[in-house]
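Start from the sequences, fold in the hints, and give me the full structure.
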Amino acid sequence: MTAVAATAENPLIEGLERLPIHPTTLVIFGATGDLAHRKLLPALYNLAHEGALPERFHLVGVARSDHAHEDFKAIAREAIGQFSRREPDPAVLDKLLEDVRYVPGTFDDPSVYETLAGTLDEFDTAAGMRMNRCFYLSTAPAFFPVIVRHLGQRKLCHEDGADVRVVIEKPFGTTLAEAEQLNREVLSVLDEHQVFRIDHYLGKETVQNMMAFRFANGLFEPVWNRNFIDHVQITAAEDIGIGSRAGYYDSAGALRDLIQNHMLQLLCHVAMEPPVNFTADEVRNEKVKVLHAIHAPTPDDIPYMAVRGQYAEGESGGEHVVGYLQEEGVPHDSNTETYAALRLEVDNWRWAGVPFYLRTGKRLARKVTEVAVTLKPVPHLAFKQEGSLGVRPNQLILTMQPNEGVSLSLGAKIPGTRMRIRPVYMEFLYGTSFLSQSPEAYERLITDAMRGDATLFTRNDEVEAQWRICDPIVRAWEAAPGPLPQYEAGSQGPAEAASLMLDGDEWRMI
Amino acid sequence: MPAVSDSRWSAQGTTPGEIEAAMRDMLKERHAENESFAPARVLNMVCVVDKAWSGEIANRLRQVGRYHASRTVVLAVEPERERLDAVATIASDVHPKAGEFALLRETVIVDVGEKHLPALDTIVDPLVVTDLPTVLWSPHGHPEAVDVLLGLAQVVLLDSVDEPDLHEALDRALELSRKAYVVDLAWLRSTPWRERVAATFDPEHLRPDLRTISAVTVRHHPDSTAAAVLLIGWLASRLDWQPSKLIPRNGGLAGKAHARRQDVDLRLEPDPQLSVRGLAGLTLETASGRYLALDRGPGGLRAHYRNRKGDEREWTVLGASRGEPGILGEGIRQALLRDPTYTPSLEAANVLVP
Chain S
1 MTAVAATAEN
11 PLIEGLERLP
21 IHPTTLVIFG
31 ATGDLAHRKL
41 LPALYNLAHE
51 GALPERFHLV
61 GVARSDHAHE
71 DFKAIAREAI
81 GQFSRREPDP
91 AVLDKLLEDV
101 RYVPGTFDDP
111 SVYETLAGTL
121 DEFDTAAGMR
131 MNRCFYLSTA
141 PAFFPVIVRH
151 LGQRKLCHED
161 GADVRVVIEK
171 PFGTTLAEAE
181 QLNREVLSVL
191 DEHQVFRIDH
201 YLGKETVQNM
211 MAFRFANGLF
221 EPVWNRNFID
231 HVQITAAEDI
241 GIGSRAGYYD
251 SAGALRDLIQ
261 NHMLQLLCHV
271 AMEPPVNFTA
281 DEVRNEKVKV
291 LHAIHAPTPD
301 DIPYMAVRGQ
311 YAEGESGGEH
321 VVGYLQEEGV
331 PHDSNTETYA
341 ALRLEVDNWR
351 WAGVPFYLRT
361 GKRLARKVTE
371 VAVTLKPVPH
381 LAFKQEGSLG
391 VRPNQLILTM
401 QPNEGVSLSL
411 GAKIPGTRMR
421 IRPVYMEFLY
431 GTSFLSQSPE
441 AYERLITDAM
451 RGDATLFTRN
461 DEVEAQWRIC
471 DPIVRAWEAA
481 PGPLPQYEAG
491 SQGPAEAASL
501 MLDGDEWRMI
Chain Z
1 MPAVSDSRWS
11 AQGTTPGEIE
21 AAMRDMLKER
31 HAENESFAPA
41 RVLNMVCVVD
51 KAWSGEIANR
61 LRQVGRYHAS
71 RTVVLAVEPE
81 RERLDAVATI
91 ASDVHPKAGE
101 FALLRETVIV
111 DVGEKHLPAL
121 DTIVDPLVVT
131 DLPTVLWSPH
141 GHPEAVDVLL
151 GLAQVVLLDS
161 VDEPDLHEAL
171 DRALELSRKA
181 YVVDLAWLRS
191 TPWRERVAAT
201 FDPEHLRPDL
211 RTISAVTVRH
221 HPDSTAAAVL
231 LIGWLASRLD
241 WQPSKLIPRN
251 GGLAGKAHAR
261 RQDVDLRLEP
271 DPQLSVRGLA
281 GLTLETASGR
291 YLALDRGPGG
301 LRAHYRNRKG
311 DEREWTVLGA
321 SRGEPGILGE
331 GIRQALLRDP
341 TYTPSLEAAN
351 VLVP
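Sequence order for the protein chains is S and Z. Take the first sequence: its letter number 197 is residue 197 in the working numbering, and every next letter is one higher. Take the second sequence: its letter number 233 is residue 233 in the working numbering, and every next letter is one higher.
Just to be clear, a hint being listed does not mean it is correct.
What the hints assert, rightly or not - In silico DSS-like links for lysine-lysine, alpha-carbon gap of 30 Å or less:
#: 1; chain 1: Z; residue 1: K179; chain 2: Z; residue 2: K115
#: 2; chain 1: Z; residue 1: K28; chain 2: S; residue 2: K413
#: 3; chain 1: S; residue 1: K39; chain 2: Z; residue 2: K97
To be verified - With beta-carbon atoms standing in for the labels, derived distance ranges:
#: 4; chain 1: S; residue 1: E78; chain 2: Z; residue 2: D147; range: 54 to 62 Å
#: 5; chain 1: Z; residue 1: G251; chain 2: S; residue 2: R38; range: 51 to 59 Å
#: 6; chain 1: Z; residue 1: D147; chain 2: S; residue 2: V164; range: 55 to 63 Å
#: 7; chain 1: Z; residue 1: G297; chain 2: S; residue 2: P423; range: 57 to 65 Å
#: 8; chain 1: S; residue 1: V391; chain 2: Z; residue 2: K97; range: 32 to 40 Å
#: 9; chain 1: S; residue 1: P90; chain 2: Z; residue 2: E144; range: 42 to 50 Å
#: 10; chain 1: S; residue 1: E78; chain 2: Z; residue 2: D6; range: 34 to 42 Å
#: 11; chain 1: Z; residue 1: L27; chain 2: S; residue 2: A212; range: 26 to 34 Å
#: 12; chain 1: S; residue 1: P90; chain 2: Z; residue 2: E18; range: 46 to 54 Å
#: 13; chain 1: Z; residue 1: K309; chain 2: S; residue 2: S244; range: 54 to 62 Å
Source of the hints: derived by calculation from the structure; they are not laboratory data. From the three backbone atoms N, C-alpha and C, an ideal C-beta is built for every residue, glycine too.
So this is what it looks like as structure tokens:
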């Protein structure tokens with residue numbers, strides 16, 4: 001039995017799967033945009049459906065379009081109907097949208113923040129309490145500092161008796177200098193613990209499973225170091241092209257779009273030391289240590305550790321597809337890379353001398369995101385190859401998508417009278433062993449932000465450390481004239497990528 | 001969800017060994033046919049049902065959505081049956097697409113006689129997948145079968161509201177909870193209510209008010225007294241109340257629990273208007289003058305709150321009703337988790353029962 005007087009903890013939360021979240025008003029800046037439409041509003045509905053929103057919850061949309069509250073409700077209803085992962089329950093949807101407010105205006109207009117302050121006060125008065133405030137910046141990056149500055153000027157960033165948090169979407173800067181400047185501007189108004197920089201990859205169950213895989217299993221930790229691991233390959237390949245995202249993609253490129261954020265996060269999860277506990281700062285401290293152990297490349301290093309490419313026309317999924325430069329909206333002389341590969345080294349006690357190969361690209365042979373850890377070969381081989389594929393170094397493959405799982409390659413004897421060996425695979429698929437459907441990353445991230453748990457968000461020094469690695473490459477590539485190495489759509493990527501591999505290492509087939 | 005891909009095997013006068021071999025062969029065949037078929041390996045579910053009502057149970061199991069057990073073994077009991085007849089199926093809900101996999105679920109239905117019940121474990125043992133947790137569900141009683149199968153099962157799924165005698169229901173749940181982990185659907189029906197009460201008192205400045213709770217009223221479906229008394233048992237065990245027996249009053253039950261600062265008035269009120277099993281509403285009052293009522297409403301629970309000054313507010317705590325299939329699915333999911341608060345709540349509830 002629990003003695004209430006003995007502890008300041010809430011004795012009623014023991015055993016509950018969902019911990020309470022303080023009553024919150026969520027304000028989405030850019031509420032009529034694509035991200036809100038496809039991800040944020042459907043995520044909020046699914047949280048409401050499951051009873052996972054705070055006990056008292058209000059939603060405010062802010063955007064430039066001139067709409068009335070009712071118009072925004074209709075927009076939200078349509079978005080939820082179209083993109084929710086489950087069929088909406090009409091009664092829950094009605095209640096979620098019943099008191100939704102919309103504030104129209106440009107983000108640099110002080111009257112927007114005046115109206116917003118009035119709306120927030122109105123909700124607080126109705127609730128008879130100071131509700132927490134969570135401002136979600138789902139806008140073009142240029143508006144992040146503008147919005148934060150105005151929130152500060154209107155004194156909406158600090159509230160007695162309530163927590164105020166600001167969620168900032170990616171990209172957090174497009175260069176190191178921009179990221180540093182944005183951090184300075186944001187942190188001149190907010191404290192770091194109020195800032196939640198989204199990298200939605202971190203909200204995926206698959207990425208969180210990497211920590212469980214490494215730190216909940218004693219089997220792998222003894223070999224998880226330079227003594228046993230030969231190299232690591234991290235691949236995020238897509239079979240699709242840029243679709244309708246030419247405007248964004250041509251200004252970003254593969255390095256900024258995936259490597260600077262998601263893939264460096266995957267690398268951190270592979271290479272980090274076990275944190276003391278799983279609180280936000282302990283986990284992030286360990287990830288930052290990994291990033292600090294990766295040397296920023298010099299201009300002379302870059303040709304030897306980074307390769308870029310652009311997809312040319314080819315066959316994908318049995319269809320003829322155009323090359324990047326022929327895609328609608330892409331300048332015909334664009335030097336934007338649709339493929340990027342890096343070789344990085346983590347110079348610390350555990351990983352010194354182990355190459356980490358990262359590659360990502362559009363219009364590759366298939367869609368796959370995986371981490372492949374290749375172990376060193378056995379020191380002495382007693383068997384001859386004898387007409388078989390032979391003994392290969394063990395590989396541990398952590399697949400994030402499409403089929404999340406773990407696969408371990410082992411050498412096994414081919415049945416017969418001779419001692420012939422070939423690789424076989426011990427495979428585990430997460431989908432076969434769990435009943436639950438994984439929640440959308442945004443559902444997890446929104447509740448964590450409202451709860452104030454920053455473990456799955458990127459800290460200021462983490463973002464800057466990521467940029468410190470990628471920024472020299474961005475600058476070198478921007479300075480180098482085209483044309484870029486081309487690769488056929490539907491292929492493994494540019495042949496030049498092979499030049500990154502050391503001492504007989506080979507890229508895995510995508 | 002209807003299966004789109006099935007393998008089926010059946011035999012009359014069969015043995016557990018034959019059934020197990022048939023399952024193995026069917027799995028091999030499916031894998032040879034397409035490597036993308038992967039058997040689900042989450043948990044076994046063993047159901048003991050009356051043959052006459054097995055269709056209704058099959059319907060309930062079909063509706064649990066994504067929370068299907070990996071291998072379901074249904075033992076359909078017919079009083080006079082002498083031999084074992086069996087049907088085994090392996091099904092997938094989807095045809096696997098290139099690069100994806102399709103989960104296979106396995107179902108074995110074995111018709112058994114009452115004469116088989118004392119040694120039912122020897123029939124079931126070969127049929128469950130080794131190393132997976134096994135959950136046992138016997139919705140039509142058959143306590144003798146449950147007792148025999150407890151050695152194979154780590155989890156017992158039951159619904160305390162199924163048993164008409166409240167005392168017997170909680171007594172049996174308590175007895176089983178000493179031998180296995182119990183997932184009680186009556187307890188799961190109270191989850192949203194427990195979450196909301198916990199949330200209400202979660203702000204630090206409100207936590208001391210937990211010590212001043214002076215009255216609790218739980219409104220419930222007339223058949224769901226067990227769910228209501230478990231909710232009060234939860235409050236009593238978490239807040240260190242010393243409950244005493246409830247007594248019948250005004251068609252419901254009433255009584256007191258002794259808290260550190262004051263006694264707590266307890267009331268259970270059947271609500272004949274409620275069309276589904278479970279709880280209809282909850283009211284908490286504190287000696288400090290706070291009042292919180294939660295009642296079922298459209299789109300969630302309707303909350304009515306009054307503070308010490310008498311200011312009143314109403315709002316809806318959002319959430320969809322899970323319905324009976326949802327509750328059963330949740331029960332299967334909970335078989336893989338552990339809630340340390342159920343047994344203490346059950347013990348406190350047992351004290352309350354007249």
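| query | If you check the beta carbons of E78 (chain S) and D6 (chain Z), does the distance land in 34 to 42 Å? | reply | holds (38 Å)
| Honestly, do K309 (chain Z) and S244 (chain S) meet the 54 to 62 Å range at C-beta? | Since K309 (chain Z) and S244 (chain S) have Cβ atoms about 56 Å apart, the given range 54 to 62 Å holds.
| field | D147 (chain Z) paired with V164 (chain S), Cβ distance criterion 55 to 63 Å | value | Holds, at about 57 Å.
| Using the C-beta atoms of P90 (chain S) and E144 (chain Z), is the stated range 42 to 50 Å upheld? | This hint holds: roughly 47 Å between Cβ atoms.
| task | Could you see if the CB distance from V391 (chain S) to K97 (chain Z) stays within 32 to 40 Å? | result | holds (34 Å)
| query | Within a Cα-Cα threshold of 30 Å, do K28 (chain Z) and K413 (chain S) meet the stated pairing? | reply | holds (21 Å)
| Does the Cβ distance between E78 (chain S) and D147 (chain Z) fall inside 54 to 62 Å? | Cβ of E78 (chain S) to Cβ of D147 (chain Z): about 56 Å, so the range 54 to 62 Å holds.
| field | Hint check for R38 (chain S) and G251 (chain Z) - Cβ pair distance inside 51 to 59 Å | value | holds (52 Å)
| Is the hinted range of 57 to 65 Å satisfied by the C-beta distance from G297 (chain Z) to P423 (chain S)? | holds (60 Å)
| said: I want to verify a distance hint. Is the separation of the beta carbons of P90 (chain S) and E18 (chain Z) within 46 to 54 Å? | reply: Cβ of P90 (chain S) to Cβ of E18 (chain Z): about 50 Å, so the range 46 to 54 Å holds.
| message | So if I understand the rule, the pair passes when the alpha-carbon distance is 30 Å or less; does K179 (chain Z) with K115 (chain Z) pass? | response | Distance of about 25 Å is within 30 Å: holds.
| message | Holds or violated: the 26 to 34 Å window for the beta-carbon distance between L27 (chain Z) and A212 (chain S)? | response | Check passed, 28 Å falls within 26 to 34 Å.
Going through the hint list in order, the structure satisfies each hint without exception.
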